[in-house]
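Enquirer: Residues per chain are reported as follows:
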Amino acid sequence: MTMPTTASGNRGLQLEQGLIFELNTPGMTAVDLPTAPKVTERLGDMKNSQAIGLPGLSEPDVVRHYTRLSQKNYSIDSGFYPLGSCTMKHNPRLNEKMARLPGFADIHPFQPVSTVLGALELIDTCAAWLKDLTGMAAVAMSPAAGAHGELCGLMCIKSAHEANGQSHRKTILVPESAHGTNPATAALCGYAVEAIPANAEGRVDVAALKAHLRPEIAAVMITNPNTCGLFERDCIDIAKAVHDAGAYFYMDGANYNAIVGRLRIADLGVDAMHINLHKTFSTPHGGGGPGAGPTVLSAKLAPFAPVPMVVKVGERYDAEEHAGFGAAKQSYGRMKGYHGQFGVFVRAVSYMMAMGIDGLRQASGDAVLNANYLLARLSEELTPAFDGPCMHEAVFDDRFLKGTGVTTLDIAKALIDEGVHPPTMYFPLVVHGALLMEPTETESKATLDGFIESLLHLARKAKSGTAEADFKAAPMYSPRRRLDETKAARKPILRWLPPADGNGAKQAAE
Amino acid sequence: MRYLPLSDTNRREMLGAIGAASVDELFRDLPKAALASAKFALPNTASEIEVERALSTMAAKNLNCGAAPSFLGAGNYRHHTPASMDYLIQRGEFLTAYTPYQPEISQGTLQAIFEFQTQVALITGMEIANASMYDGATACAEAVAMACRVTKRSQALVSGNVHPHYRDTTATTMKFLDVGVECLAPDPYGVEDLIGRITDEYACVVVQTPGFFGHLKDYTALADACHKAGALLVVCVTEPVSLGLITPPGRIGADIVVGEGQSLAGPMSFGGPGVGLFATREKFLRQMPGRLCGETTDEDGRRGWVLTLSTREQHIRREKATSNICTNSGLIALAFSTHMTLLGEAGFTRLAQLNHAMAVTLADKVETLPGVKLLPNAFFNEFTLALPNAAAGVVEELAKRKILGGVPVSRFYPTYPELANLLLLTATETNTAADIYALVAALKEVLS
Amino acid sequence: MSQTRFTKDHEWIKVDGNVGTVGITEFAQGQLGDIVFVEVPPAGKAVKAGGEAAVVESVKAASEVYSPVSGTVKEGNSALPDAPETVNSDPRGKGWFFKIELSDVKELDGLMDQAAYDKFVAELS
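Protein chains in written order, with this note's numbering: chain A, 1 to 510; chain B, 1 to 448; chain C, 1 to 125.
Hints were generated in silico from the structure; no laboratory data involved. For every residue, glycine included, the Cβ atom is placed at its ideal position computed from N, Cα and C. Only true hints are included.
Listing some non-contacts, in silico: residues in chain A with all C-beta distances to chain C over 10 Å:
| id | residue |
| --- | --- |
| 1 | Ala7 |
| 2 | Gly12 |
| 3 | Thr25 |
| 4 | Leu101 |
| 5 | Val113 |
| 6 | Ala163 |
| 7 | Ala241 |
| 8 | Asp244 |
| 9 | Lys329 |
| 10 | Phe386 |
| 11 | Gly419 |
| 12 | Arg460 |
| 13 | Ala467 |
| 14 | Ala500 |
Here are some, though not all, of the chain B residues that point toward chain C, as calculated from beta-carbon distances under 8 Å:
| id | residue |
| --- | --- |
| 15 | Thr311 |
| 16 | Ile316 |
| 17 | Arg317 |
Given these sequences and hints, build the entire structure.
Expert: Here is the structure:
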């Protein structure tokens, strides 16, 4: 059966929606404002004399616009989202409600400290949980996301080396399986990067790592559990070798959800680790952010932590906002405006309190159980890249597709038609045609069984050798079919421009 | 635990399928010593009502700005948030989606980013904008790093009228890259000479409009001087509502415009999360940090959107990327964009006019107080006052009267005694005539 | 008499006298996929053998093009930035990246000839 075309381009509940700029009714607004008092303007010669070019829409039109856009998105609220490395777990609405309490939402970063003691208490509460969970001496709360936390950790490390007369240490060791942020962060911190190979079982080649350790090495950055979904069994040994060589051990905490509440990373010999609150602690990803990347620090690195920091003077909270003073005497400075991602902290604390230490331990257990269940059941048709058990994510390579003409990308796109978000594809780079699946503790057995059934079906279909064309055509049922990324990159169109004969703003495209 | 759907029966069945005796067995790669030493002092699970109670108690210890006349700014502004904006960003399809890596099922987020990029480009007067940075301060640091890449120079000059957090964040970030950042002394009177200092060593000059102390200045001549010296002009905007009324930075010759979108994107939330705005000229596209969304077509020829030019980014370029940024401020960018769409040209310009009118009303009143001097001649919705005594003490006294009466400059510059008497005051559409009356009366009392 | 040599990074260089034309091989363009961006060096730029000389990008990959030999760039292919797809369609012809004046013709001896390169590629796959 071929699908009938419609005059509108709509397909039932899938409604086409133009750009706001194409829905413009000049002069229309969805916001009514009180009348401004009559005053003599004091704008000097800076008053704008030209139109801006923003479109005018009514409130119902705006609500409909964004509602329709939202309906073109897949989300954790609507279904299974096993995107490896991303920890797409349930985002409790209680968190949202708490973040919107006027006492948290409607406070200004520069109110007198005496009027925001509850906000400082909230930050300190979040910090206390993170320190207890990790066993670390201190936590820098200002990093805005994971990569920013990595930067914070490396800045502490560089500052510590400088303070100890070790400025000649100019290189960071990073496993080749690492997230791209690790080498990018090292470069942003002024370091050279050397890659460490993985061994056949998907872990850091410890011998190779030790061979790279020498007096120029400032630190080693290791994701643990690593990007292959495996725990670095030798991490204590690695930490010792790194320390013996005078370097620091940065652990990338992107995969912390697998071990939270089970061990304290301080006991592994870690000097610094960022924690993605938007992964492990359930704050929403929001289509790309905001996150928060508090970075726990060992006693050796703690003195160099960035400002601001919450301090306690007797029983009263205070904020140290300036490097070079008080608790921030040796601080390397400020890396973000204001007091960090406060609204994200509120959501994370709401989650921590709700879960409790017993709930967090159960969550990491269920996350690992779910991933191993996928690994076991999917191995019936797919080819696991490594032997289990895995931690919270399972990675498969594309050997099962060999000779079928079907690729990892095709499988991913076919999964869209099955109604699930595809796993992470082609990462980690050390696994050929990788499919990296992270189910998280959010998923019920029934959801996993449904996903397994879909994926086994697709694997069998691919292997049948008769369905290559079907795979290449997928997805068929999504709001858009495969998009031409080559066209987008060759002649980039990054904004709307008024039609050449239009009456919109023309100053834009000079 | 209400967030965890597995039953014990499920767990047993799943362990059976795996062939493991217990969940603990799955953790066998974890070092035994570390497992044994793991002791935690944290409480166990709590019901929803208990969490609400604990957090509401904490929140109640704060004086929220809605409960007191408030005149706070300094980079963070209290504006009215339309109810439909907060509703729309809480739709689960936006709130609980990841970065749009699978474009076929992320067209909503992608189209919203494309619209956001266009709106930011329009209000800043620039050609292109990215999908957002963390906040204004980090966007400023990224702008300086980008200017260094473009000009192949490693020195930056930062005006004393730039927000101190932007200055500090930029200086901190750049010192690790061995880029010299020369931050000029704070300039509350708006008298610094930037043009005279420009040399061909500088990658860029960084200014802010409206300035940190409130000044509105025309930087056209500065832009020309920068370009003559082969440097870029970076313009920071901490209050984007101003762009509804004043000449956009793009039209005075800015090469990069960075800013903080919070003031149009919802609650202040103690300063975070915000949303970093980043706009520039098309010729610098390849040196730009952050995600970009571009237009294309799908297999059926229908218009759609994808993330594009990703080869600049960390997941492809690794140590050669233009930035290490991955997660940005997607949802806050959506809030910004939704609010901007609700406002439209008419609402945006009217909102800006109302802000300016409230600030002028406030200025007219406070500058007549004895011993008080208004510093900027031209300003938008914020200005600096020189008081007869230390501003920090005045603000504390006002707080005792349940008035949040501005931000003392000494909060940022504690080691500059000559700035101790300076107070930053802001008025927005959220202030009423009664608020202004209350502040003026209280100030009169405190200052006498 | 012109001669063509190849590098392990999949560049080719076709030399006439002491001027060489450099591009990437059929194999390299195939590995990259649809090429969306090319940056060629300006005339006058001095490059070393094995040094970064140009940039080539597909949607999902970015790669440097290394100069097979040392010398001075005489000309970048100004048609490429506007038509990067030429590298896919004609890598050994119109898809050339730059012309270079060799400072040491002997460097060519260290590179592979067509037969050696074909063997090298065959072993990769």
